[in-house]
Amino acid sequence: MAIKDDEFESLVREHEAMLYGIAFNFFLSTSIAEDVVQEVFLQCFENLKNIESPAHLKAWLRRAAAHRCIDVVRSGKAQKEVQMDELPDMPDTAPESDPLLTERLQRLVASLPEKQRMIVILRYAEDMDSDEIGKTLDMPASTVRTHLQRALAVLREKAPRALGEEHHGPIRK
Amino acid sequence: MDRFENNLRDALLRRPSPPAHLADKVVARAATLKRFSALEKRRPIRWLMAAAAVLLVAVVSIVIFERGVNRTHAALEIADGPTYLVTGGASRIAQAGTSIGIGDTVRSGGGAMLRLADGSLVELRSHSEVALQAASDGMLLQLNGGSIIVTAAKQRNGHLYVRTKDVAVSVVGTVFLVNAEEAGSRVAVIQGEVQVQEGTKSEKLRPGQQVATNPLMEIHPLTEEISWSHRASSHVALLEQSAPASSGVAVPARLQFEVVSLRPVPQTATFGSAERLFRCRGVDGIFHATTGDLFNLSFLASELATLPASAVPLGRCVGLVHPGQLVAQAYGVLTNRVSNSSTWPDIYQIEAKAPNPSTVTKAELRQMLQSLLADRYAFRMHREIAEVQGCILVIAKNGPKFKETSGDEEIQPRPTAPTGPMTFTGKFRMKTFADSLCFFACRVPVVDRTGLPGIYDLTVTINFGGLGGGGGGNRGGAGEGDSICSSTVSDALQDQLGLRLDRAKVPVEYLVVDHIEKPSEN
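In order, the protein sequence lines correspond to chains A and B. Each residue of the first sequence is one higher than the one before, counting from 1 in this note's numbering. Each residue of the second sequence is one higher than the one before, counting from 1 in this note's numbering.
Worth double-checking, as some hints may not be accurate.
As the list claims (entries may be wrong) - Coverage of chain A stretches by chain B, computed from C-beta distances (three or more under 8 Å per stretch; other residues unrestricted):
#1 38-50
#2 132-140
#3 152-159
Claimed, not checked - As a list, the in silico SDA-like pairs of lysine to any residue whose alpha-carbon atoms are at most 20 Å apart:
#4 403/B <-> 461/B
#5 362/B <-> 13/A
#6 158/A <-> 5/B
#7 403/B <-> 158/A
#8 25/B <-> 64/A
#9 25/B <-> 18/A
#10 158/A <-> 10/B
#11 25/B <-> 8/A
#12 25/B <-> 158/A
#13 25/B <-> 9/A
#14 158/A <-> 283/B
#15 25/B <-> 13/A
#16 158/A <-> 9/B
#17 427/B <-> 494/B
#18 362/B <-> 283/B
#19 25/B <-> 68/A
Think of the hints as simulated: they come from the structure by calculation, not from any bench. Positions of the beta carbon are idealized from the N, C-alpha and C atoms, including for glycine.
Next comes chain B alone, as it looks inside the complex:
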C-alpha cells in the first residue's frame, strides 16, 4: 500500500460509532416482527378464532358479572410502546391481553393492535387515540387523532363503524385506513369497499381510492399512507390484487399560482435583509420565510415590523428564499422540522401570483407553494414521527392566570434583543404558544397538554440571562432541554401564567426530503 492508499484507509476508518440506541431499536423491531408474524400465522386458523370467540364470550360474561356495566368488546393484542387505556377518566398502562370495553379509550405511544370481539383487527399508528363506543347495530370506533388501519371481519349481524370529527365510515368486510388530523380526515380503502358519510354527502370507496374532507390536506400515494404499518407489505400486496392500476383520489384539483418567476441569486446576496425576505400575503394576513407562520418573533422582527403591508402585494409570494425555508412555508412547519437535504438548490428570487389575488387565503397560498415545489423543484418528501426529548406544557397547580379572548390569533413581534429578556405577547392558541416556546425559548419540542381549547391573551417575559434566547430551533440535546424547561422558562410560565413545563419524550413530525433539484426554467 502506498502513502495515498494509507491516507485513504485512515480516512475511511475515521468514521463515527453507531448511536447508542441503534442496537436497542433493531432488537425491538425484531421482537415486533416476531410477534406480528406470529399473529399473521394465527389468523387463518378458524377453529382457534372460534375458540377465542368462546373465550371472549366467557370473559365478557365474567366482566358483566363482576363490573355490571362495562362489557369487554376488544383486547389489546400488541403494544409496541407505552399504550394507555382510559376508563372513566382514569388512565393506566395497558399490556398485551388487556381487555377493552365500550366507553374505553386507547392511546398508543408506539404502534398497537386491537382485536375486536368479531375478529376484526385494528392497527393504531403511534400517537393515535381511538375510543370504543356502542352503535345501535354494532360497534363504533371513534378516532380522535392519528391513524388506524382496520382489517374488518365479515359482519354477520351488525355493522362496524369508524368515525372522526368530520367523517363516518361504515364497513362490511374490508381493509381500510382512516386518518384524523386537525385539518380534517382521510379515508382510504385497501380491499373491499366502505361507505363514507361526510355531513349529508355519502360515497362509496373502492380499493385504491382515497377521500379527504379538506381540499387543503395533502394527498399521498396510498402505499405511502400505509407505510407505517407493521403489515404494510401484506396491505400493499392486497392493494395490488384489488386495485392494480388504481390511484383514485377523490379530492378537488390542487391549487396553483397563475404566474411564477424563479431567478437564481448569488449566494452573496443580502439574504438577511427584511425587504428581500420571502413573504406571502393573503386576505387573512402575511407569512414570512424565516420562521414558522405566526411567529413574527425572528431576528428580523423589528425590521419586519417597519415594512409597510404594501411591500407584499395581495395574493402574491415574493422575495429570496432558501428551498428548505420554502418547504417549511409550503407545509406550515418550523424550518427545523424539515430534514437536511444534500442537494438543496441555491437561493432563488421568487415572484408568484395567485389566480385569485383579491380572495386567496394564506392556507391556499401554502397549497400553491406545495404545487410550485412539486412542479418546479421536482420536490418529494415523506413524513416521519420521532419521539424526542422535549417538554410538555401543562397547567400548574393553582390554575391558569390568563383569560380566554375572541377573534383570531395575533402575535406581536418580540420587542427586545435576542439575548435579553424575551417577551411573548398576543392572542394564542395553546398549541401555537407551545410551538413558539419551542422555537424561541426551549430549543426542544414543546407539546401542549393543557387541554385548553380556546384562544387566550398571553404575555410572558422570560429573562434568559446568560443562556440566550432567540434564533433557536435545533432539535437540542436532552440536557439543554432539561435545564431550560425545568428552570428558567418553566419558572416564568408558572409565575406569570400559571403554566408549567415538564420534561418528557414527545412525538415530533419531521418532513423528510426524498428529492429536490434545481428548479426548472421559467
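Isolated chain A, as found in the complex:
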C-alpha cells in the first residue's frame, strides 16, 4: 500500500535523525547534512506512490541518502575535511568516551574514500550487515566486506598517529 501525501510530515519527523546522522558522519558538516536530508525527503515525496511499506521506506531513504552523499562528493560540492569550529556541540550520550578520540575517529572516517566511508557508517552507525549494505549501495556483499576490511585497516593504522598530533586550527580573527 503506497504512502499518502498527508503521511509525509510524520515520516519526515520519524526518519530525519537517521538521515541527518548518516549525512553528518559522511561530511562532518551540519549545513551539507541539512541539504542532503532535504533533497532526499523531497525525492521521497515525489516517489511516495512507489513506496510500498514502512520497511521499504526506511531502506529507500537509506539508499537515497547513501547515493546522494556519494554524488555530492563526486560533484565537488563538498570538501572532505571540516574546520574545527564547524563542528557542532555533540550530545553527551556516552560520557565515559574520550571526546578527543571521538573527534579524531570521526575525522578519520570522513577522510576515507566515499564508498568505504559510507560502508563504515552504515555498518557501525546504522548497524547494517554486509548483505544489507550491498543492497543499499548496489554491490555484492563480498565487495562490501573487502571495502570494510580495507577501511578498518586504514583507520587502525592512522588512529594512534592522529591522536598524537596536535591540532593546528586555522587562523581566524
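Position chain B relative to chain A; hints supplied.
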C-alpha cells in the same frame, strides 16, 4: 566487535540531532513542490486558461464597478512565505488568489508567483518588490529590487514591459530574468528574445545571453542565476534547447591586476599588527582586510589611524591576508557573511598592482581582487539568502534628531576601548550605519528600514557595560539579538538619534564558498 570497532561505533553515534526547523523546512518545500507541479499541470490546458480569462474579465468588471479606479490585472497565484500587497500606501498580507491591480506593489517575503491577465507568469525571488503599472500599449512591471523570472504569454494586442531604475525590457513572448540591485540591473534570456533599452542604447538579447548595466556587477552562469526558481529545472531544460552552447555575456572585460605576487607566510606571523594588515588604496580611499570596507572601527583602529597613507602605495593591494578575508574584501561584504570553507589555504603575503594605479578606484580594486581569487585560488562561490533573527532600524516616534549632509561617507575610527562605551561617528548612509551596528554592536544583522535616502551626520555613544561591544559579527543567537537590540543599543539610538531597533526576521545574503585551493605559483 573488538575494542577499536566499539570505539568507532561510539564515535559515529555521537552525532548531533537535526536542527529543530529541518522537518518544517522539508514539509514546507514539499508543499511548495506540490503546488508548483499542480500549476505546471494546469498551464497547458488552453480551455482552462480561456475560462480563467473569462473569469478574470468578470472579476475585472466587478472590481471596476465596485472600486471605480483600480482594475485587476493580475492575481497572486502562489505565496511561498509572507507576501505583502501595497495599495495606495497601505500594506496588507496577500494570499493566493488575491487580486492585484494597476498601481499595486507586491513584496515577497518568500518566493511568489503572479499570473497576469494575459496568462504570463511572473515568479518573484524572495525579498523582491515589483509594481504593476499601465503602459501606453500594455502593462509595465516596475522591478524595485530583487529578481523576477517572467514567462511571458504571446502578446496579441500590446506589449509587456519590465523596467528597473536603469534598464527597460520589452517582451514579445519569451522567458527571461531581470535582477535589480543597488549597483545596477541584469537581464538574461532563457527562451525567445527581448529588447533591452539602457538609456539611449538598445540591444536584442537571445537565449543564454545576459547583459549587466554596471561592469562591476558579477556575472554568473545563467543556470546559477535562475537556480532560486522553483521551476529552475524546466528553465534549464528550455535554455538547453534554445541555446545549447551559449554562454553569451554582454559585459565589459573583467578587471585584473597588472602584477601579483603571492608568498606563503608561516602561521606564526604577526598577522594582527596593523603595518602588515592587508589593505588596498584607490584614488577614492583605502580599505582594510579586518572588517567591512567603511569600518575603520576594528580592534586595530588606533594603530591603523597612525599609519601614514603612504604605507599603502596608490593603486596597490598589499599585506597579509587570510583567504576568507580576501573574499570578504573582494566582494565588499562583512567577513561573517562568508561561509566557512574546510579548505581555506594559509595566509599569504599579497602584493598586487593595478594597471592604472593613479586612477584606479576602490570598486575597481575589488573587481581585480575577484579576478585574483578566480585565477590564483580557483575560487568559486554562490550566494544564498537566509532569513535570520535580527533587527530592523526604524525612525522612532518623534522623528530623527540628526541632519542630512553632503559629500561622501566618512567614518571615524572608534576612539574607545572595545569593552567600554563605543562611539559611532561620521557621515553615514543609513545602510552603512545599520551594517556597522550589526558588526560592532548588535552581533546580529541589522537592516535599514528608515527609508532615509541621503548621507547624514551621525554620532552615537553606546555604553555596553558588561556586555562588551567590538569584534562581534557572528550570526548571533536570537536571545542575544533580542536583548541587545531591544535595550542597550536601541535606547541609545532613540535618545541620541531618534532611531529605534525592532526585533525582526531579516534577509541576509551569504557568500557560500564552493571551491578554493592553495594559490598557484607566481
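Structure-based check of each hint:
1. 38-50: holds (count 5)
2. 132-140: Result for this restraint: violated, n = 0.
3. 152-159: Coverage by chain B holds here, the residue count being 4 at a Cβ distance below 8 Å.
4. 403/B <-> 461/B: holds (17 Å)
5. 362/B <-> 13/A: Violated, because 50 Å separates the two Cα atoms, which is more than 20 Å.
6. 158/A <-> 5/B: holds (14 Å)
7. 403/B <-> 158/A: Roughly 65 Å separates the two Cα atoms, so the pair is violated.
8. 25/B <-> 64/A: Between residue 25/B and residue 64/A the Cα gap is close to 19 Å, so the pair holds against 20 Å.
9. 25/B <-> 18/A: holds (17 Å)
10. 158/A <-> 10/B: holds (18 Å)
11. 25/B <-> 8/A: It holds: about 13 Å lies between the C-alpha atoms, which stays within 20 Å.
12. 25/B <-> 158/A: violated (39 Å)
13. 25/B <-> 9/A: holds (10 Å)
14. 158/A <-> 283/B: It is violated: about 54 Å lies between the C-alpha atoms, which goes past 20 Å.
15. 25/B <-> 13/A: holds (11 Å)
16. 158/A <-> 9/B: holds (17 Å)
17. 427/B <-> 494/B: Roughly 18 Å separates the two Cα atoms, so the pair holds.
18. 362/B <-> 283/B: holds (7 Å)
19. 25/B <-> 68/A: holds (19 Å)
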